[in-house]
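Asks: Sequence:
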Amino acid sequence: MTEPAAHRYDNATVRRIEEFWQAEWQRSGALHADNPTGELAGDGAAREPFFIMDMFPYPSGDGLHVGHPLGFIATDVFARFQRMAGKNVLHTMGFDSFGLPTEIYAVQTGTHPAAVTDRNVERFLRQIRRIGLGHDERRRFKTSDPDYYRWTQWIFLKIYNAWYDREAGRARPVGELEAAFASGARATPDGRAWSALTKAEQRAVVDSHRLVGRHESVVNWCPGLGTVLSNEEVTDEGRSERGNFPVFRKSLRQWTMRITEYADRLIDDLDRLDWPEKVKSMQRNWIGRSTGAVVSFPCGEQVLEVFTTRPDTLYGVTFLVAAPESELVASLVPQAWPVGTDPRWTGSAATPAEAVATYRAKVANRAERERQEDKAKTGVFTGAFAVNPLTQERIPVFVADYVLAGYGTGVVMAVPGHDQRDWDFAKTFGLPVAEVVSGGDVEIGAHTGEGQLVNSGSWDGLSASEAKAVAADDLERLGVGRKQLQYKLRDWLFARQRYWGEPFPLVADESGQVFPLDDTALPVLLPQIEDFRPIVFDADDQDSRPSAPLKKAGDWLTVECDFGDGAQPYTRETDVMPNWAGSCWYYLRYLDPKNEEAFCDPENERYWIGPRPDARGGADPGGVDLYVGGTEHAVLHLLYARFWHKVLHDLGYVSSAEPFRRLFNQGYIQAPSYTDSRGAYVPAAEVEERDGEFFWQGQPVKREFGKMGKSLKNSITPDEICDEYGADTLRVYEMSMGPLDQSKDWSTKDIVGAQRFLARVWRVVVDEQSGQACVVDAEPDAETVRALHRAIDQVGQEYAALKFNLAVAKLIEYTNYLTKRYLSGQQGAEGAPRAAVEPLVVMLAPLAPHLAEELWRRLGHDELLVRHPFPTADPAFLVDDEVKLPVQVAGKVRATIVVPAGVSEDVVRAAALADPKVVEHLAGKEPKRVIVVPKKMVSIVL
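Under UniProt numbering, the residues of the sequence shown are numbered 1 to 942, in order.
Simulated from the structure, these hints should not be mistaken for lab results. Just so we're clear, the structure is a prediction, and the values are computed from it rather than from any experiment. Hints may be right or wrong, so weigh each one.
Unchecked claim - Pairs of lysine-lysine residues, derived as PhoX-like cross-links and limited to a Cα-Cα distance of at most 25 Å, are as follows:
{"hint": "1", "residue 1": "Lys87", "residue 2": "Lys803"}
{"hint": "2", "residue 1": "Lys362", "residue 2": "Lys375"}
{"hint": "3", "residue 1": "Lys158", "residue 2": "Lys142"}
{"hint": "4", "residue 1": "Lys928", "residue 2": "Lys884"}
{"hint": "5", "residue 1": "Lys803", "residue 2": "Lys278"}
{"hint": "6", "residue 1": "Lys278", "residue 2": "Lys744"}
{"hint": "7", "residue 1": "Lys488", "residue 2": "Lys280"}
{"hint": "8", "residue 1": "Lys427", "residue 2": "Lys362"}
{"hint": "9", "residue 1": "Lys280", "residue 2": "Lys744"}
{"hint": "10", "residue 1": "Lys483", "residue 2": "Lys427"}
{"hint": "11", "residue 1": "Lys917", "residue 2": "Lys935"}
{"hint": "12", "residue 1": "Lys928", "residue 2": "Lys917"}
{"hint": "13", "residue 1": "Lys803", "residue 2": "Lys280"}
{"hint": "14", "residue 1": "Lys707", "residue 2": "Lys744"}
{"hint": "15", "residue 1": "Lys925", "residue 2": "Lys892"}
{"hint": "16", "residue 1": "Lys884", "residue 2": "Lys917"}
{"hint": "17", "residue 1": "Lys710", "residue 2": "Lys749"}
{"hint": "18", "residue 1": "Lys803", "residue 2": "Lys744"}
{"hint": "19", "residue 1": "Lys375", "residue 2": "Lys488"}
{"hint": "20", "residue 1": "Lys278", "residue 2": "Lys488"}
Please model the entire structure based on the sequences and the hints provided.
Replies: Written out as structure tokens, the structure is:
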């Protein structure tokens, strides 16, 4: 009876190996990246830099499930491969720790957000360290660390103290603007000399140009949470993503950043980036640059300006529609309904004012996304009429929620004959529909395609595209319109009425005049207050107004400052920055995290992310070499980070024009989820399968697949997998599931395949009885050498292309070859040749680094594999000795021939014609032609 192997690759061995090598990497500093200068400087900076980064994780209290590490493992594999290619690789991970989720949990439990964050980070670190991620631990930080948010506040001040010079096309310090006013090079708004303005007037002029300002904005106000929310924090049903409270559209005075000044550059510079086209399109659509005209519609004593991208359809305008929250609406409403008003237009209200007020309240909590959906149209008549400037016809002005105040002027011209939403509204309210573009039947639906203009005066006969240019010119000539570029992008709402966020480095005097603090006053520390709960209201109280928790901060609220008029008391700003602030620039702090004099030394920034010579003639914008994350941040995070980076670039603080030169979106891991008869999700781990049916607590449930997460109750933690199979098995399995950019289904039972593969690699190297290396020093034969170099060539190419599933497949194929040839016992071999085995171990290192390091040590090597050179394939062994060619006869494959590589076409023809199967199908017929396609096929034409 055979004794059990004492040195198998079992659970105990795996855990011992992984714990040892994780500690060894940290002890040796093998994963450290060297800077050219500063505290982290080192000799490694002489190598070519490579900066790879994961999207900033938020340390949730729920910890990781196995879907989270998909991107983390991929970046680690790629970073390890790049180190083995001789590069100085920067790969680390910090934590985006300010924000709403932590604060809500803190409020619910009575635990301070800082304590919640620290606990979550420790759990997160424990999990990612166990997976063997090769991070430079010296570069970690949290956005809630005062040493970090000091520099977030510093960057905010640089943006606050800047203005956008449209003539120069860049941001400049406001000091230069003041100098231009003082010298007379720039005229003041009212034409007075700068010296004739009071200090308060001068400040007001400068403040109106700053890239940061406080303005009236239509925002998402959530009384139940006590704060305004960004659009992405509001569900399609108009409720808060956190807590499911009603959200109302409300005009409030808020801090905003003028990201709109950068709209053109944010669009145009996308062409310089190596990003997925899908993400570029999403950003272009979000910015929404469009060319059109602003048209003036007289309305009583007012003139309503309307932006349109279709001035060619102006003859087809039969009504106007204003957004419910538009400030114009109140001034339009008369005291009584005009005589003959259609009852369908009034909403059963006695007066226009009552109708508009009732409708506004009704739609106040509808999310913008919901309002834009194609569904039954609602609205009310304002009681006002405007005049179509071309037809001189009186047209009614409505209020409807399918129009948004943030686009254009908040009023749109309705052309129901050629816009489906307008058509739906017109049919609902009995409004006329006019045809001005031929090609459709406007009685059954809007015609939105091309055609020739009709019923349009002098424009008749022009195509719609031709008429656009003509119409814009005519409107300007008649004085009733002007050409204009328009953007969907709105200025960035940059304030939250919460506690857990970065305090603004701003103070105000008794009159409300705001002053930025000096850099020396940073950081403005978040005060430790006992009651950090937000001031919330009845969830349905849309008339309430936000009141920030920091208003309860006592002595912290008042600070003495001297802004040139002597020391005086000032009041601190009590709003905090949104959670996006810290993630706008974190990649820059990774470069120089120990620097106390600057957010990043310019030399370190140039080394890691500065522009590099490239084949495009210097068009490289610079930035992170590879940024990996999901598409959920395709717009806002990436757009905000690009905006901040461009301001820093304009002001001379960074050499790179863009933050991320290459972006890769990984897919998601999906897992089975189960719903009961009510449609409610039940814990997937408790579901039993019997004869193809699924049961939970004895009741049948329905199976479906969805993104793994808490809401679907189908999470599996990486801890569970590491406990049972080990980190290397988890890494190999996730990388082998399919292409990295595609979503895939998790199957725990399939993990055993990855485990068996690693065990086979172990047995190729280790004698399971003695624990010693079982390789032999004999030279490998020609067949093995050829198999080796093909594996090196293919695996290296797949690693470089981020096709890790294919790299795993090639490694399995080569391992199986060695196992069958040298360990099957069929050929009497004592073991595989060392020269064939050691490259396998090296190639495996990026994917299964713990196992590879252990095997490398057992093969007699003292140095770590972390920076060991990746094997190089010899091209001489990549050429086939023989070539298999299919032979077609009359268009059908009838045979396959094997000929020596490199032989002449005559030899190939002769071999094809001599093949018995070909001879049989020719049946004595003489071929008309014999065509040889080199290395591919032979075609015999009869």
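Asks: Checked against the structure, which of the hints given earlier come out wrong?
Replies: 10
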